[in-house]
Amino acid sequence: MKRRLYLSLAAISLLFVVAIRARTARRPAYGGTLRVEIGATVNSLDPAVGAANPREAAAKAEIDGLIYEHRNPDGTFAGMSGSGPFRISAWDPGKSVTLAANDDYPGGRPFIDAIQIQMGRSAHDRLFDLEVNAADFAEIPAEQARQAAAGGVRVNASRPDRLLALVFLAGRPAAQDQRVRQALAESIDRSAIVDFILQKEGQPAGSLLPLWSNGTAYLFSTASDAVAAKALVSQIGGSPALVLGYDSGDSFEESVAERIAVDARAAGLMVTAQALPAGSSAGASGLPDARLVRLSMPSPQPQESLRSFLTALVPMAGLDTVQLPDAASADQIYAAERSVLDGYRVVPLVWYPQVFGFSTRVRDWRSPGPGQGLPFADIWLDGPSNASLEKESP
Amino acid sequence: MTFRSKLFWIFTLALVVSVGLIAAGVTVVTRQAFEQMYSQHTDALVAQFQREFDQRKQAVARRVQVITQDEATVRMAINLVQPQSDVSSYVNVATGVAKSHQLDFLDYVGNDGSIISSAENPERFGYKIDWVTQPEDWASLGSFLMKIDTQSGPALGLMAVSTVRVGDKNLYIVGGERLGKNFLASLVLPVGMRALLYQNLNQNFQAIDLLDQNGPVVEGDRFAQFINHERQNPAPQIFKISSGPDLARTEEFHALPLLGRNRELLGVLLVGSSQREMIGIERRIRMLAESVVGIGLLLSLLLSWWGAARVTRPVRKLAVVAREVSQGNWNARVEERGGGEVVQLARAFNQMTQQLTEQREHLVQAERVAAWRELARRLAHELKNPLFPLQTTVENLQRAKSKSPEQFEETFRESTGILLAEIDNLEKIIGRFSDFAKMPQPELATVNLNEVVRGAVKLFEAQFSAVGRPPITPEFHLDEDLPPIQADAPLLHRALENLILNSMDAMPAGGVLMLRTTREKGEVHLEVSDTGLGLTPEECERLFTPYYTTKQHGTGLGLAVVQSVISDHGGRISVESEKGIGTSFHIYLPVKPAPRPVAPPPPETPEAVGAEKA
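Protein chains in written order, with the working numbering: chain A, 4 to 397; chain B, 707 to 1320.
Some clues are possibly wrong.
[Unchecked claim] Quick list of in silico lysine-lysine cross-link-like pairs, BS3-like style, CA-CA up to 25 Å:
{"no.": "1", "chain 1": "B", "residue 1": "LYS763", "chain 2": "B", "residue 2": "LYS805"}
{"no.": "2", "chain 1": "B", "residue 1": "LYS834", "chain 2": "A", "residue 2": "LYS203"}
{"no.": "3", "chain 1": "B", "residue 1": "LYS1134", "chain 2": "B", "residue 2": "LYS1090"}
{"no.": "4", "chain 1": "B", "residue 1": "LYS834", "chain 2": "B", "residue 2": "LYS875"}
{"no.": "5", "chain 1": "A", "residue 1": "LYS233", "chain 2": "B", "residue 2": "LYS834"}
{"no.": "6", "chain 1": "B", "residue 1": "LYS1090", "chain 2": "B", "residue 2": "LYS1257"}
[What the hints assert, rightly or not] Footprint (simulated), chain B over chain A, 3 or more residues, beta carbon under 8 Å:
{"no.": "7", "segment": "195 to 206"}
{"no.": "8", "segment": "255 to 262"}
If you're looking for bench data, these hints aren't it; they were derived computationally from the structure. Model, not experiment: these values are computed from the prediction. Just so it is clear, CB atoms sit at the ideal spot from N, CA and C, and this is done for glycine as well.
Can you make the complete structure from the sequences, with help from the hints?
Written as structure tokens, this is what we have:
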């Protein structure tokens, strides 16, 4: 009887200790430096200095989001100071930036002490560093999410809020015939792109907005129809030739462009994939007749995102201006999308998410929604490196 | 060309031909040796290529087999037959495996022929490769050539297929190696040789498909003709390509067709050997030969000149002596020295000269006698005519003395008149003989022959139309462009007078006297023709003989004088005649007479006249 009692007390004690330890482990801890790697290189944090390419602009915006309000009242750049959760403590243009926690941040001091951002890291290097625990956070290309997870990296993907689309550039004679554009659009096997290139980290896109945004995406077909494409090509006669441009520094775009070329050739269209200067703006029209364009939803609101998309796509494709009311209904958004896509000047291909990789010590990560910055102020770091900090903390 | 020159050139030619033949022989032998050597090199290279090719085929088949037997591949094959298998997870497998197994091409192909993963065409996932699923014993087939479509265009691959069978389904592993410049770079080539590969990947010949170890061949279009021939008739062939007029830039190529699985032509291996080295050695040999020929020629010139001079010296002496003899030095003799045929020749020449001298003396003697006889006969004949009247007149005077003084007086007066006339006639006869003997040498001056002809004819115009005589009509056919000649006008005038007189005598019944001048090559031609009685051939032969005449009262000196004058001018005269038709004299005079050797003084005796005639 006593023996049973002792055993019961020991078990209860053990459970209590384990519960106490578990509660202590989940509790946010202060301290630590978050090691972040990004692919872009930011050469200046001064808002007055323009970014060299969209990637730099995006990275600059992210950093700016962490140290926001680092401007003087008159709007000029205030240098290292700022009123955001972090302040710049070290700055090596184009290579690295170190942000220190802002103790005076009105929203409360961030848990982590600092963020160390290494710039210009390739996707391969970022993934490798995550795998060997040399980095705590990095954005991973969606097509490598599966590989990263297989490599033991903690992966988190947002909702598919990014669109890859093919845009026939305005004024290119080779794409003047709508049948050529339609034949190319019909020939593209979007499922293959999602399954093989994106490794299922995405969805075939027939519309500009994803299904979760406006709910009308299912009304746009995403299926390929090689028979219809061949029929259109035979109507056109000959073997129409098109040049499809893609960002030369983007392996995802390159793969998609090559796949589109293969599908098009199978339908009788001669499409040649051509690398364009890395980071060239979406509107830059060089030799290609069409090019791949990546678009990010700036907001969870469909009309805002669509408006943003139209702002980028309409002049590039030479489309008529599409009017969209501020408080547009789902039908109006659908009609606007339809009006843009009916002429096959813009061909949505796939939606894909933002994918982030983490080390095992990053805690309380919540994936940001469209238009939201990275929530570094809300995360905390677990692990031995924070032990000393925990001891010193009250 | 002199005998010495002929000998010289014969010696030289013989030497040059000998050296040339030797040089040509050496060149030909050298060329054959080089061609044989290059042929052996080429055969060795072709054999090397064949070995290398076979080794590559085996290596490719082995590597593909290794991939097939790899645990990951087997696991993949097992997973793929599962109902919920995810093909997309293998899409990037081929790239890494191909790299690790050093393959340029690698495709994982599912049981239905769909590409699961492709190293050379990563974006072709899901597409089908139909030929893989066709019934074929891939294991026994080994490697084979094949045209592969890649992102950068078609390529030539050495491929192998292997299968992993799980249940009733196959996973095909299609792997291979690119056959291109890297393969060519792996071949070990002797100096002066190179290997090219034409990848028969397009419908028509494309120069960019012709590769060497560095990439597309420069000026590959030069091969179009031969490659096209190979495309039409895939068989080994040999051809030469020159990249300029310089023979050293010529290359000989052995073409070896490379066939695919279905015996289609997929490539052509070209093994080329440069002719540069061979041509270089040939040129050095030729240069050496030319130097030898040059030196030999120089030596042969000297030796031939010396040898020819030595051989021809007796002959030249013989020629000099013969020339002296021809110029009248009958006492000239050849020195009989040395031995052999040359001495015999000299001896025979001396004997011949001796005999000729003796015969000439005999002939001169005979001619002298004949000349004297002819002169005596002519003199007798000429003198007898006036002597007979003289004798008759003197006898008449003797008879008249016995008659009355009146009759005697009359007879005496008549007789003395006759005597004086006959004596005058005798003087004329003697004078003509004297004139012929004293024929002067011509004094040359520029003369227009046409004027001489007109002047001579003008003297006889009155006699042509004299009363009581049948008229003679002169006809002139004179070339007014006749060049002036160097001649003695009075002598020509005298000769023409004789010819005209002769023609007048030949036309007692009148007729036409035709005078024609024409220009010949370096000569002028004068023809004097009449329509008179004509001459027999026998008369023509003797016509120019002094003292020969067909006329009753002629002295036989007229045409002899004509011949003498023409001969003194370096010309010649001939006669054509036909009995009853007429006679034509043809005189040819040089425009500029050749200098005559200094002639001995004119003969004063009949013997000299005969010599001149001879």
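Each hint tested on the structure:
{"no.": "1", "hint": "B:LYS763 x B:LYS805", "in the structure": "18 Å, holds"}
{"no.": "2", "hint": "B:LYS834 x A:LYS203", "in the structure": "21 Å, holds"}
{"no.": "3", "hint": "B:LYS1134 x B:LYS1090", "in the structure": "14 Å, holds"}
{"no.": "4", "hint": "B:LYS834 x B:LYS875", "in the structure": "16 Å, holds"}
{"no.": "5", "hint": "A:LYS233 x B:LYS834", "in the structure": "18 Å, holds"}
{"no.": "6", "hint": "B:LYS1090 x B:LYS1257", "in the structure": "17 Å, holds"}
{"no.": "7", "hint": "195 to 206", "in the structure": "holds (count 6)"}
{"no.": "8", "hint": "255 to 262", "in the structure": "holds (count 3)"}
No hint from the list above goes unmet by this structure.
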